[in-house]
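Enquirer: Now for the letters of each chain:
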Amino acid sequence: DAGVIQSPRHEVTEMGQEVTLRCKPISGHDYLFWYRQTMMRGLELLIYFNNNVPIDDSGMPEDRFSAKMPNASFSTLKIQPSEPRDSAVYFCASRTGTGGSPLHFGNGTRLTVT
Amino acid sequence: AQSVTQLGSHVSVSEGALVLLRCNYSSSVPPYLFWYVQYPNQGLQLLLKYTSAATLVKGINGFEAEFKKSETSFHLTKPSAHMSDAAEYFCAVSDSLGDYKLSFGAGTTVTVRA
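Top to bottom, those sequences are chains C and B. The opening position of the first sequence corresponds to residue 1 in our numbering, with each subsequent residue numbered one higher. The opening position of the second sequence corresponds to residue 1001 in our numbering, with each subsequent residue numbered one higher.
A few of these clues could be false.
Unchecked claim - Using 30 Å as the maximum straight-line C-alpha spacing, the simulated DSS-like pairs for lysine-lysine come out as follows:
| # | chain 1 | residue 1 | chain 2 | residue 2 |
| --- | --- | --- | --- | --- |
| 1 | B | 1068 | B | 1101 |
| 2 | B | 1068 | C | 24 |
| 3 | B | 1101 | B | 1058 |
| 4 | B | 1058 | B | 1069 |
| 5 | B | 1069 | B | 1101 |
| 6 | C | 68 | B | 1069 |
| 7 | C | 78 | C | 68 |
| 8 | C | 24 | B | 1049 |
| 9 | B | 1049 | B | 1069 |
| 10 | C | 78 | B | 1101 |
| 11 | B | 1049 | B | 1068 |
| 12 | C | 68 | C | 24 |
To be verified - Among chain C residues calculated to face chain B with C-beta under 10 Å, some are:
| # | residue |
| --- | --- |
| 13 | 6 |
| 14 | 8 |
| 15 | 48 |
| 16 | 65 |
| 17 | 74 |
| 18 | 89 |
| 19 | 95 |
| 20 | 97 |
| 21 | 98 |
| 22 | 101 |
| 23 | 106 |
| 24 | 113 |
Unchecked claim - Residues of chain B placed beyond 12 Å of chain C at every Cβ, according to the derived structure:
| # | residue |
| --- | --- |
| 25 | 1009 |
| 26 | 1012 |
| 27 | 1018 |
| 28 | 1019 |
| 29 | 1022 |
| 30 | 1031 |
| 31 | 1055 |
| 32 | 1056 |
| 33 | 1063 |
| 34 | 1082 |
| 35 | 1084 |
| 36 | 1095 |
| 37 | 1105 |
Just so you know, the hints here were simulated from the structure itself, not pulled from any lab data. Just so it is clear, CB atoms sit at the ideal spot from N, CA and C, and this is done for glycine as well.
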């Protein structure tokens, strides 16, 4: 079990640029979640997928944010254009569909927008 | 939706002393409950989970938590703190139905004094 894999680990970009974060969930997991973590707001759920279908994107802060899951083994979170207030650590997590199944987190992508 | 309250954003303990982290949830139906730990520059890792099999749950690294329905609490304890326990700890509660989405508390940072 390789765990949830996120890339890149660190991303530094200038305001206005497009940023793409990537995630490979654990094989066999039906659910994939994207979270954002900041000192001010803690852990925020941005969006989650079930069987590659977006279920709830109410946590996506603005239209500048979009997420896709083209297949069961890959998801992206895109920010276009990026702004300094998007600086945060972005986590991807996955789990099975069973009630009580724990979330497995990746190590996150630390995004800095200058 | 479920909600979680963690009392105390920072806890400082001496090495060898009891660690007690408090968590209260809002629910009229016994939910699924979790404690996660986050070490610096890492994702969240599962410490333990409650899924109604037993009210006292043992987790990794000597931690345990007790589910008390009457108090809607799920406090985390460790009898003797170790320097390696310095981290941030998150309590989380799952919806009882549907997609079993997790709601996280704000987190408690534990500092261990030598």
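Enquirer: None of the hints should be skipped; say for each whether it holds.
Expert: Against the structure, the hints:
no.: 1; hint: 1068(B) to 1101(B); result: holds, 21 Å
no.: 2; hint: 1068(B) to 24(C); result: violated, 37 Å
no.: 3; hint: 1101(B) to 1058(B); result: holds, 23 Å
no.: 4; hint: 1058(B) to 1069(B); result: holds, 17 Å
no.: 5; hint: 1069(B) to 1101(B); result: holds, 20 Å
no.: 6; hint: 68(C) to 1069(B); result: violated, 39 Å
no.: 7; hint: 78(C) to 68(C); result: holds, 8 Å
no.: 8; hint: 24(C) to 1049(B); result: holds, 24 Å
no.: 9; hint: 1049(B) to 1069(B); result: holds, 15 Å
no.: 10; hint: 78(C) to 1101(B); result: holds, 23 Å
no.: 11; hint: 1049(B) to 1068(B); result: holds, 14 Å
no.: 12; hint: 68(C) to 24(C); result: holds, 12 Å
no.: 13; hint: 6; result: holds, 8 Å
no.: 14; hint: 8; result: violated, 14 Å
no.: 15; hint: 48; result: holds, 7 Å
no.: 16; hint: 65; result: violated, 19 Å
no.: 17; hint: 74; result: violated, 18 Å
no.: 18; hint: 89; result: holds, 9 Å
no.: 19; hint: 95; result: holds, 9 Å
no.: 20; hint: 97; result: holds, 8 Å
no.: 21; hint: 98; result: holds, 8 Å
no.: 22; hint: 101; result: holds, 7 Å
no.: 23; hint: 106; result: holds, 5 Å
no.: 24; hint: 113; result: violated, 19 Å
no.: 25; hint: 1009; result: violated, 10 Å
no.: 26; hint: 1012; result: holds, 19 Å
no.: 27; hint: 1018; result: holds, 26 Å
no.: 28; hint: 1019; result: holds, 21 Å
no.: 29; hint: 1022; result: holds, 17 Å
no.: 30; hint: 1031; result: violated, 9 Å
no.: 31; hint: 1055; result: holds, 15 Å
no.: 32; hint: 1056; result: holds, 17 Å
no.: 33; hint: 1063; result: holds, 15 Å
no.: 34; hint: 1082; result: holds, 23 Å
no.: 35; hint: 1084; result: holds, 18 Å
no.: 36; hint: 1095; result: violated, 9 Å
no.: 37; hint: 1105; result: violated, 8 Å
The structure fails to meet hints 2, 6, 14, 16, 17, 24, 25, 30, 36, 37 from the earlier list, while all remaining hints are met.
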